[in-house]
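Undergrad: Please put together the full structure from these sequences, using the hints given.
Protein chains in written order, with my numbering: chain V, 1 to 310; chain S, 1001 to 1383.
In short, the hints are calculated from the structure, not lab data.
Hints may contain errors.
[As the list claims (entries may be wrong)] Now the stretches of chain V that chain S is said to cover, found in silico as 3 or more residues with beta-carbon under 8 angstroms:
1) 53-65
2) 93-104
3) 207-215
[Said to hold, decoys possible] Distance condition first, Cα-Cα at most 20 angstroms in a straight line; then the derived DMTMM-like pairs of lysine to aspartate or glutamate:
4) V:278 / S:1054
5) S:1205 / V:292
6) S:1004 / V:56
7) S:1204 / V:58
8) S:1307 / S:1267
9) S:1205 / V:56
[As the list claims (entries may be wrong)] Okay, the calculated beta carbon distance ranges per label pair:
10) V:167 / S:1251: 33 to 39 angstroms
11) V:126 / S:1139: 35 to 41 angstroms
12) V:14 / S:1205: 28 to 34 angstroms
13) V:283 / S:1300: 39 to 45 angstroms
Glycine included, C-beta positions come from ideal geometry on N, C-alpha and C.
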Amino acid sequence: MGKSQVKTADATGEDVRHPMEHLLRMDRMPHIWCPGCGLGTDVSTFAEGLRLAGKDYDKVAVVSGIGCTGRVAGYINLDSYHTTHGRAIPFATGLKLVNRDLTVVVFSGDGDLFAIGGNHLIHAARRNVDINVICVNNFIYGMTGGQNAPTTPLTAYSSTAPYGNYEQPFNLVGIAAAAGASFVARWTTAHVHQLSDSIARAVNKKGFCFIEIISPCATVFARKNKGGTGLDLLNEFYRRSVVDHDADPTKIPIGLDGKIVCGEFRNEDKNTFWENVKNGIKEKVAQKDNWEAEQSKRKKVLYKKIVDHS
Amino acid sequence: MIKKSKLQGEFFMQGDIACAEGAIAAGCRFFGGYPITPASEIAERMAYRLPLLDGVFLQYEDEIGSIAGILGASWAGAKSMTATSGPGISLMNENIGLGIMMEAPCVIVNVQRGSPSTGLPTSWAQSDMMQARWGSHGDYGTIALCPNSSQEFFDLTITAFNYAEKYRLPVFILADALVGHMTEKVVIPPNDKLTVVDRKYTSKKPSEYLPYEYGADLVPEFAKAGDGYRYHTTGLTHDKRGYPVMTEECQKECVTRLINKINNHADDIILLEERDIEDADVVVVSYGITSRSILPAIKTAKKKGIKVGYLRLITVWPFPEKRIRELAGRVNGFVVTEINMGQIALEVERCGHPAKTKLVPHPGGGMHKNEDILDAINEVARG
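TA: Shown next, in the form of structure tokens:
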């Protein structure tokens, strides 16, 4: 599956292949994403991250929800699951807890992971389930035509905010960190090297790892907010970005203007859900078995006493 | 000592616990759930038992997470289950559709309670019968089994897993608060006396494997995550490769197969209990706990000389159309007793025409009165 059926030629007539072809389903190209969208680069960066991490590709599964980013699972040549809106994380949790040799990556959008699926995200982070979540944040619902997202900056325009957005947006890295994620990073689509490095670190790290990618949506976000082309928007994100690994992730919201603080804000080691299960059972079952053995011994003694009296 | 393997022997056991033990006997090693009366005991039992069998118990943040989780676990190769009641099923319905579309084997237990909405949390009803059939959007085939005792809750949980594995879909067990909370004798046989079916894993090489290629039985072969098949699966309408294809032709093939893979095997799936049906004038149709509460009324009617047959639907979906049509040709009619305001009665009426169908409804939280059932039997017997 996923064998190349697409051959392109460059100006000199030579065959040109996509450098990440081994990880893409070339028989599904061309993809559905718009010209100028950041997702193509985000997927390439992810593929590069897996290569850097030295992963056995047969042991990596990608789970997506619904939306533009939800289509990532369909284009990646790995075990891939395109689930329902908002439910990629609980699905991925089941997959990982049963097959603990797998590296499980949830690749989905800001609306999918933080609006309809927000509850799953905070609880998976709280449990420190050993999965990786890559959240492509384009500040808008792209697939459905540019409606307001939980990340849309205050006053920005969307098709359901024709007078500008009235709602305070979420700061995604802040939520992930506050909910207990082991690893929290944010980059823009322009930070290809930093991003693939962070992805490589995340997939090799145990625990709940969260990476936000600030990614341009040319067709709806840029158009509605006079952001120019996808490339213009990407340049704008890059210009506004500041790398500060020591920043407190809960204090770096993103507005329509101003800084976009990027970096790896958290990289902690703590027990995963499964480690806690294993440790818990070892101790508690032994305790309970001892206690029950003790109880039955006491019962026998008591019974013997009663018999002696009679 | 905490029991670390499948139970065996005779027990005085609550229905919900018997369900959990049935799941364990069937090989279930992943349970995702959320507390809800009257199904919580199933989760509690699984939380106690699964970790010691190297299984996974996870209490999710809600029922939507629970169903998504058991689908993920299923794709990782585990037999997986969730248990809930009406409100939980309402939340799960979208992802039940995902399970149908992706063809992920799993079992969903609905210990029904009074409804609609929050209804009667601690009391019983049989009012989610149609929800189990049509709850998720769209057209699809479904399987639902109805236990009427602790023993049968154990047995049918194994059967539900077998059907789920064989036909690759989420299978419902439609119990109710009475069956779930009643404690009675359960016999758990040794392993070699149990029939446990596993899904058909593909023997093809990854280069030859297509995840939705099917043969005469219409059920595709399974490959689990991490085995090198690198397949794609989606809730979108898809072709044999699992790739989304947005055409009328593909939609037709996809949807008709999901329906036919159940309908074509209806004879294998449908389980019925019949008593005195051959010379009956009136057939009393029931399922679940109602099949036990109607027995005195049937006995009285027989004493009065009415030829009453007893038909219990153990499999409710797919509906035993063929059998009802056969009977319709030679009986006066059917009396359908159910603890809802008329759900399965609609199906009996549809298939039982031109024989008469008389519904004895009950809104839930109690049982039918003998007189009401007797009146209905008399009415149908008179013709």
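Undergrad: Starting from the hint 28 to 34 angstroms, judge whether the C-beta atoms of residue 14 of chain V and residue 1205 of chain S obey it.
TA: Given about 33 angstroms between the Cβ atoms, the range holds.
Undergrad: Given the hint that residue 1205 of chain S pairs with residue 292 of chain V, does the C-alpha gap stay at or below 20 angstroms?
TA: It is violated: about 51 angstroms lies between the C-alpha atoms, which goes past 20 angstroms.
Undergrad: For the region 207-215 of chain V, does the count of residues with a C-beta closer than 8 angstroms to a C-beta of chain S reach 3?
TA: violated (count 0)
Undergrad: Hey, residue 1204 of chain S versus residue 58 of chain V, does the alpha-carbon distance stay inside 20 angstroms?
TA: holds (16 angstroms)
Undergrad: Assess, step by step, whether the Cα of residue 1205 of chain S is no farther than 20 angstroms from the Cα of residue 56 of chain V, and give holds or violated.
TA: holds (18 angstroms)
Undergrad: With the threshold set at 20 angstroms, check whether the alpha-carbon distance from residue 1004 of chain S to residue 56 of chain V stays at or below it.
TA: violated (34 angstroms)
Undergrad: Do residue 167 of chain V and residue 1251 of chain S keep their Cβ atoms within the hinted range of 33 to 39 angstroms?
TA: Cβ of residue 167 of chain V to Cβ of residue 1251 of chain S: about 37 angstroms, so the range 33 to 39 angstroms holds.
Undergrad: If I claimed the Cβ atoms of residue 126 of chain V and residue 1139 of chain S lie 35 to 41 angstroms apart, would that claim hold in this structure?
TA: holds (39 angstroms)
Undergrad: With the threshold set at 20 angstroms, check whether the alpha-carbon distance from residue 278 of chain V to residue 1054 of chain S stays at or below it.
TA: Measuring from Cα to Cα gives roughly 9 angstroms; hence the hint holds.
Undergrad: With a cut-off of 8 angstroms between beta carbons, are at least three residues of the region 53-65 of chain V near chain S?
TA: n = 5 at 8 angstroms, threshold three: holds.
Undergrad: Can the suggested window of 39 to 45 angstroms be confirmed for the beta-carbon pair residue 283 of chain V and residue 1300 of chain S?
TA: violated (60 angstroms)
Undergrad: Going straight from one Cα to the other, do residue 1307 of chain S and residue 1267 of chain S come out at no more than 20 angstroms?
TA: violated (27 angstroms)
Hint compliance for this structure: hints 3, 5, 6, 8, 13 are broken, all remaining hints hold.
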